[in-house]
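One line per chain: the protein sequences are A and L, in this order.
Per my numbering, the first sequence runs over residues 1 to 109.
Per my numbering, the second sequence runs over residues 1 to 1006.
Be a bit skeptical, because a hint or two may be false.
To be verified - Subject to a maximum C-alpha distance of 20 Å in a straight line, what follows is the list of computed EDC-like cross-link-like pairs (lysine to aspartate or glutamate): (1) LYS701(L) x GLU741(L); (2) LYS99(A) x ASP360(L); (3) LYS898(L) x GLU36(A); (4) LYS1003(L) x ASP794(L); (5) LYS64(A) x GLU17(A); (6) LYS27(A) x ASP727(L); (7) LYS681(L) x ASP794(L); (8) LYS453(L) x GLU54(A); (9) LYS27(A) x ASP794(L); (10) LYS64(A) x ASP727(L); (11) LYS453(L) x GLU36(A); (12) LYS27(A) x GLU406(L); (13) LYS27(A) x ASP452(L).
Stated by the list, open to error - Residues of chain A clear of chain L, computed beta-carbon distances all greater than 12 Å: (14) GLU5; (15) HIS25; (16) SER82; (17) PRO88; (18) LYS90; (19) ASP94; (20) LEU104.
To be verified - Computed Cβ-Cβ distance ranges for the label pairs, DEER-style: (21) ASN35(A) x ALA958(L): 46 to 56 Å; (22) ASN35(A) x PRO980(L): 57 to 67 Å; (23) THR157(L) x LYS49(A): 28 to 38 Å; (24) THR163(L) x ASN35(A): 54 to 64 Å.
Honestly, the hints are just simulated from the structure, not real lab data.
We treat Cβ as the ideally placed atom computed from N, Cα and C, and that holds for glycine.
In case you want the letters, here they are:
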Amino acid sequence: MLVLECPCCGITAEETEFHAGGEAHLKRFGPESSNEDFENYMFMRQNPKGVHLERWRHNNGCGKWFHAARCTMTLEVFGTYSAQTYEPPKEICDIISAKRPGWLRGAFS
Amino acid sequence: MSTRLATGGRLLNKSRVLSFSFNGTTLKGFEGDTLASALLANDQVLMGRSFKYHRPRGVVASGSEEPNGLVQMGEGGKFEPNQRVTTTELFEGLKAKSQNHWPSLEYDVGALNAKLSRFMPAGFYYKMFIHPRSFWKHVYEPIIRHAAGLGAAPKATDRDADTYEHFYAFCDVLVVGGGIAGLQAAKAAAASGAKVIVAEQTAHLGGRAVVDGGVIDGQSAEDFVTAITAELEAMDNVTIRTRMMGAGVYDHGYVLGYERLTDHAPEMAGPRHRLWRIRAAQTITATGAIERPLSFAGNDVPGVMLASAIRDYAVNYGVSSGDRTVVVTNNDDAYRTAIALKHAGLDVPAIIDARPAGDDSDLMAQAKALGIRIMMGHGISSVKGGKRVNGVEICAQAGEGAVLEEIACDAVAMSGGWSPVVHLWSHCGGKLTWDESQASFRPDPNRPPLGDKGQGFVSVAGAANGETTLNAILNDANVCGNAAAKTAGFKGKVAKAPIAQKTTERAMLPVWLMPQGAGYKLRSKAWLDYQNDVKVSDVQLAAQEGFTSVEHAKRYTTLGMATDQGKLSNINGLAILSDSLNQPIPQTGTTTFRPPYTPISMGSIGGEARGDVFQPIRRTPMYDWHEANGADWEPVGQWRRPYAYVQSGETVHEAVMRETKNTRENLGLLDASTLGKIIVKGPDAGKFLDMLYTNMMSSLKVGKCRYGLMCSENGFLIDDGVVARIDDETFLCHTTTGGAETIHGHMEEWLQTEWWDWNVYVANATEQYAQVAVVGPNARKALEVLGGMDVSADAFGFMEWQDGTLGGFDVRAYRISFSGELSYEIAVPASQGQAFWDALMAVGADLGVMPYGTECLHILRAEKGFIMIGDETDGTVIPQDLGLNWAISKKKTDFLGKRAQEREHMVNNERWKLVGLETVDGTTLPGGAYAVGEGTNANGQRVMIGRVTSSYHSPNLARGIAMGLVLHGPDRMGEIITFPGTDGKDYEARIVSAVFYDPEGEKPNV
Chain A
1 MLVLECPCCG
11 ITAEETEFHA
21 GGEAHLKRFG
31 PESSNEDFEN
41 YMFMRQNPKG
51 VHLERWRHNN
61 GCGKWFHAAR
71 CTMTLEVFGT
81 YSAQTYEPPK
91 EICDIISAKR
101 PGWLRGAFS
Chain L
1 MSTRLATGGR
11 LLNKSRVLSF
21 SFNGTTLKGF
31 EGDTLASALL
41 ANDQVLMGRS
51 FKYHRPRGVV
61 ASGSEEPNGL
71 VQMGEGGKFE
81 PNQRVTTTEL
91 FEGLKAKSQN
101 HWPSLEYDVG
111 ALNAKLSRFM
121 PAGFYYKMFI
131 HPRSFWKHVY
141 EPIIRHAAGL
151 GAAPKATDRD
161 ADTYEHFYAF
171 CDVLVVGGGI
181 AGLQAAKAAA
191 ASGAKVIVAE
201 QTAHLGGRAV
211 VDGGVIDGQS
221 AEDFVTAITA
231 ELEAMDNVTI
241 RTRMMGAGVY
251 DHGYVLGYER
261 LTDHAPEMAG
271 PRHRLWRIRA
281 AQTITATGAI
291 ERPLSFAGND
301 VPGVMLASAI
311 RDYAVNYGVS
321 SGDRTVVVTN
331 NDDAYRTAIA
341 LKHAGLDVPA
351 IIDARPAGDD
361 SDLMAQAKAL
371 GIRIMMGHGI
381 SSVKGGKRVN
391 GVEICAQAGE
401 GAVLEEIACD
411 AVAMSGGWSP
421 VVHLWSHCGG
431 KLTWDESQAS
441 FRPDPNRPPL
451 GDKGQGFVSV
461 AGAANGETTL
471 NAILNDANVC
481 GNAAAKTAGF
491 KGKVAKAPIA
501 QKTTERAMLP
511 VWLMPQGAGY
521 KLRSKAWLDY
531 QNDVKVSDVQ
541 LAAQEGFTSV
551 EHAKRYTTLG
561 MATDQGKLSN
571 INGLAILSDS
581 LNQPIPQTGT
591 TTFRPPYTPI
601 SMGSIGGEAR
611 GDVFQPIRRT
621 PMYDWHEANG
631 ADWEPVGQWR
641 RPYAYVQSGE
651 TVHEAVMRET
661 KNTRENLGLL
671 DASTLGKIIV
681 KGPDAGKFLD
691 MLYTNMMSSL
701 KVGKCRYGLM
711 CSENGFLIDD
721 GVVARIDDET
731 FLCHTTTGGA
741 ETIHGHMEEW
751 LQTEWWDWNV
761 YVANATEQYA
771 QVAVVGPNAR
781 KALEVLGGMD
791 VSADAFGFME
801 WQDGTLGGFD
811 VRAYRISFSG
821 ELSYEIAVPA
831 SQGQAFWDAL
841 MAVGADLGVM
851 PYGTECLHIL
861 RAEKGFIMIG
871 DETDGTVIPQ
881 DLGLNWAISK
891 KKTDFLGKRA
901 QEREHMVNNE
911 RWKLVGLETV
921 DGTTLPGGAY
931 AVGEGTNANG
941 QRVMIGRVTS
951 SYHSPNLARG
961 IAMGLVLHGP
971 DRMGEIITFP
981 GTDGKDYEAR
991 IVSAVFYDPE
1001 GEKPNV
């Protein structure tokens, strides 16, 4: 059972306090988008062995959504950050790069 | 025979005799006994029958690794099968029965399987029960089910009479194992100031050292344990729990502790088991090692036991496992058993040592000095005896088993070396390394389980880490304890390791088969996994048949798949597999141990969450009134809603019919408080709701209501309800009862993660209001009698809402209808709910008022063809399927689900669409029935062309009415289609409009 820190309220808590919400930083494709774009947005998800950027909600706490950068292999948590962003912040990327040199976002290892 | 010795028994209180029963016979034991030691003390060596061949079996071990000694205990609500005799502490009145035999333990018909064992090798069931396919369900399955399972299941009508609880604990260092390694590690960690918890699965601290002896810091091992225990108990930062097993290690330092509080004393008050949910910064597993059996023919005959177990029974419980014990070994440790037995005055005819002759170690010299005959380079060819050992045939270990000599004996003490208990290390990903010198896997300190910062959070101390001598164990534990405290952030004092007297030991010799060249006959009687009846020959057959992966071989032979998870058999089985594959053991690898370490009770997993506290129940403010007035409750999410109000002398169905007629003819009251009420507020509220609902909400005028549909981004209908515009920036969205929390979450998700720059707030106000639907021709009259606001048709139109007072209550009234009747839904503050309900009942008395429940609500809406989320929808239905195109905006460029609904298979004409269904003979269609068309599909099944989504008997129309989704349904009005029922009958129904009652909508329009 993971331990995560909610970046909104600052609480460090057990996984049971949170709810996982899948891959982070999806770009929404609505009406007028091509079938391929919509399919990718709606259904296609990364399943990396290694670094993953995920959405979580502190649903049994402050109720806020946030993002977590996590290793799916070792379960190491590199950091959590605001959900109100299109890209992982530089400091999170730096932490990941320091621990997983050569890491590229979205690349499958 | 096995019997109680005059001396020994360090754990016994001989002044307290306990009586217990085994298979109905009353026996005596002492306080401090385990069930195993007490049975042995009564010469009850035969304790059970094996799983597959029903071989007679006795106890092999003395601890939690025991595979054979499984019994069923207790009766009624205390009945439990598969309890290990070795971990069951004796108590007064204990009742145990052996398992897996018929008619009795002594004479078991199933033992015929043993005679046929040659024809029942590995994979027997797969090979035997594959053809013909038609036999699978009615011939093979009953046979296999009859043979399956060890103990009996509790009776379905019995409820667990005990209680259980969860306990949350946090510490810096958790030490699992209360042997000398665990105690020393705890002391080292605690010296720094760290908060330490020590968990020991048995009732006693000290582990093996107190049985094996040795001198530590000039004291006996026993005195050392007493002293260090006292020291730890005196420290405020140390908690020691005995009878608590470290059951499993999980992500980020989460550990489950399984504490057995009253198993040893059922008369004690309080919960039986306590599940500790521990978060530890660092966990030290000081879980010791488990002795391995040797694989020789007849190694499962009752009386053949692990050498350490025989020693434990003699020293801890003063029990002799036999008068004459032959020791067979490949290492020094078993000599301790020979020496202990000799000291207890018992006969040890010989020590059969598979190692070649060479220099004597201290222990070997001691045994020799006691006059014990030692046969180096020898092994056991075969054990004589059926239900009890009566002798062993001796052979050269190097040969094929030619018998050199037969030695009479009634017990055999075997030792194949020791395997560190690596289970907890492995649970969360710790990797293992092969230790050539001990022929065992031990934890690889470079590859520990990793925590949230990527740090190792488990370390291993003592014998669990592969250490074998007292000095090395204590030193390792001390280093481990110091390091764990430091890693957990404590930089205080560093403890020093105690020093034990050194003794010389001769290296062990890996022996995987005895004798080395044993032929098939011997190999097919050499057991690896006692509980699942897997023999050396089975693993060899698996390898021969191509099951070369350890994971495949395990599943094919069932090696290590019994309730003991292969604690005794794992390494022996791997070694045989590796040998068959001609590859070293590390190359074969090992299967991974999974939690829990030994089975834990289902009750402890549930904890307090059972019965009334299994989950919270949500009650409306009028709950007690409903209860007092005959409510037949229906769970709706966590809410309880009245299904109907049953009056005396009527059935539930009759009550529903009465309520449904009365609401159409007079006046009905529905407690609608559970409907979701979500407030959406802010300058961008209209824009936000335009995205959430399929229709336009931003154009709704203040004071008006509008019915809306919500879809997921994937296009499917997820909720519906009436939206009221409260003011320019405020909307109140009604949701379904079950959907309130989900829809609130859905709104939050889109607001926080997609449109976070929109200025909108949402709040779930469901429980702030009690809401009553006042429904029926007399609805307006009732409100007029209450008095206050003007509810006339002119002043208060359909799909409008108003704030005001009624009968002195502050209300918000909505003129909306889910029944097709004149109807007002009136919200009052939750605290006023009951009083308002009472007032309505009072004024309604002359107007034919009756409360109605959810089933009546369903019939009323079905008569009108109104859809219900969860009936007409199931997560695959789009609004267009339900003919709700009128509620989908064509003006909006975007809303959730719009793009998805444009997909090809959403717009084609092959989707099933909503229609009304009317049985030809007026009966009621079975709910959920499927309609069949012409022909069959690729699987030979009849083609389906539709299904029933709602079906009721309508008392107002005096016939069955239904709605369903049917292929090309709206284009087939008047056609009759067939629904085969599960009762074998065909139901014929005509496709009609879904609006059965008042199709012109005149009734509410007054």
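- request: Taking the shortest Cβ-to-Cβ distance between PRO88(A) and chain L, state whether it exceeds 12 Å.
  value: Holds, because the least Cβ-Cβ distance between PRO88(A) and chain L comes to about 14 Å, which exceeds 12 Å.
query: How does the Cβ-Cβ distance of THR163(L) and ASN35(A) compare with 54 to 64 Å: does it lie in that range?
result: holds (57 Å)
task: Quickly compare the C-alpha distance for LYS898(L) and GLU36(A) to 20 Å and report which way the hint goes.
output: holds (16 Å)
Range agreement (Cβ of PRO980(L) with Cβ of ASN35(A), hint 57 to 67 Å): violated (38 Å)
field: Holds or violated: LYS681(L) to ASP794(L), with C-alpha atoms at most 20 Å apart
entry: violated (30 Å)
- prompt: Is LYS27(A) within 20 Å of ASP794(L), Cα to Cα?
  reply: violated (50 Å)
message: LYS64(A) and GLU17(A) were given as a pair; does the straight-line alpha-carbon distance stay at or below 20 Å?
response: Since the Cα atoms of LYS64(A) and GLU17(A) sit roughly 12 Å apart, the hinted pair holds (cutoff 20 Å).
field: Hint consistency between LYS701(L) and GLU741(L) [alpha-carbon to alpha-carbon, up to 20 Å]
entry: Given that 20 Å is the threshold and the Cα spacing comes to 27 Å, the pair is violated.
- prompt: Does LYS90(A) really sit off the interface, with its C-beta more than 12 Å from all C-beta atoms of chain L?
  reply: holds (20 Å)
Verdict for ASN35(A), ALA958(L) (Cβ pair) under range 46 to 56 Å: Once the Cβ atoms are compared, 51 Å apart, the range 46 to 56 Å for ALA958(L) and ASN35(A) holds.
query: Within a Cα-Cα threshold of 20 Å, do LYS1003(L) and ASP794(L) meet the stated pairing?
result: The given pair, whose Cα atoms are some 16 Å apart, holds under the 20 Å limit.
task: Could you grab the alpha-carbon distance between LYS27(A) and GLU406(L) and see if it respects the 20 Å cut-off?
output: violated (80 Å)
Hints 1, 2, 6, 7, 9, 10, 11, 12, 13, 14, 15, 16, 22, 23 from the earlier list are contradicted by this structure; the remaining hints agree with it.
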